[in-house]
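> All chains should be modelled from the sequences, with the hints used to inform the complete structure.
Position one of the sequence shown corresponds to residue 320 (the working numbering), numbered consecutively onward.
I should point out that these hints are in silico values taken from the structure, not numbers from a laboratory. Be aware that a few hints might be false.
[As the list claims (entries may be wrong)] Computed beta-carbon distance windows for the label pairs: (1) P427 with P360: 18 to 26 Å; (2) T424 with G342: 14 to 22 Å; (3) T422 with G362: 30 to 38 Å; (4) Q328 with P426: 31 to 39 Å; (5) P374 with T424: 37 to 45 Å; (6) G366 with V329: 21 to 29 Å; (7) T368 with E327: 27 to 35 Å; (8) Q330 with L423: 25 to 33 Å; (9) P337 with A375: 26 to 34 Å; (10) V369 with E431: 14 to 22 Å; (11) A375 with T346: 17 to 25 Å; (12) T424 with G366: 22 to 30 Å.
Here the structure is a predicted model, which means the values were calculated and not measured. Don't be surprised by glycine CBs; every beta carbon is placed ideally from N, CA and C.
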Amino acid sequence: MAGMKQPEQVQLTLTVPPGVCEGQLMTFQAPNGETMQIAVPSGVPPGGTVTVTVPAAAPSPAPAQQEPAPSVGGGDGQAINSSAPSGPVPAPTAPPPEQVQLTLTVPPGVCEGQLMTF
Numbered sequence: 320m321a322g323m324k325q326p327e328q329v330q331l332t333l334t335v336p337p338g339v340c341e342g343q344l345m346t347f348q349a350p351n352g353e354t355m356q357i358a359v360p361s362g363v364p365p366g367g368t369v370t371v372t373v374p375a376a377a378p379s380p381a382p383a384q385q386e387p388a389p390s391v392g393g394g395d396g397q398a399i400n401s402s403a404p405s406g407p408v409p410a411p412t413a414p415p416p417e418q419v420q421l422t423l424t425v426p427p428g429v430c431e432g433q434l435m436t437f
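As C-alpha cells, this is what we get:
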C-alpha cells in the first residue's frame, strides 16, 4: 500500500540445537519479542547455522532452549553405541552373544546417522 512504511527487518543467525534435524521445526524469539518457528533446511545438521530475516525491534534475540534427547541406560552401567537408522528397520537377525533379542525405539530428536548411547 502506498504511504505505509514497511517494518525494519534484521537478519539473525540461529544455531540448530542438538537433537533437531533437517525438516523439524525449531522455535526462536525475534527481536520484537515474537516467538517464531522455522523448519531446519535440508543439509543443516544440529550445531549448524541458519540465517533468517525477521522484524526488528529489541536489541538481541533470546533463542529457544531445546530439551536434550532422552538417554537410555543399559542398567548395568555399560554403554552401548549404535547409529540411528533412516526410518523403521527390522530387528537384527543375529541376537547378541547372550542370546537375548533386543527391540530398540529410537528416542525423539535423534537424527539419522546420529550416535545413540543406551
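> Let me make sure I understand: some of the numbered hints might not hold for this structure. Which ones are they, in numerical order?
The structure breaks hints 7 and 8; every other hint is satisfied.
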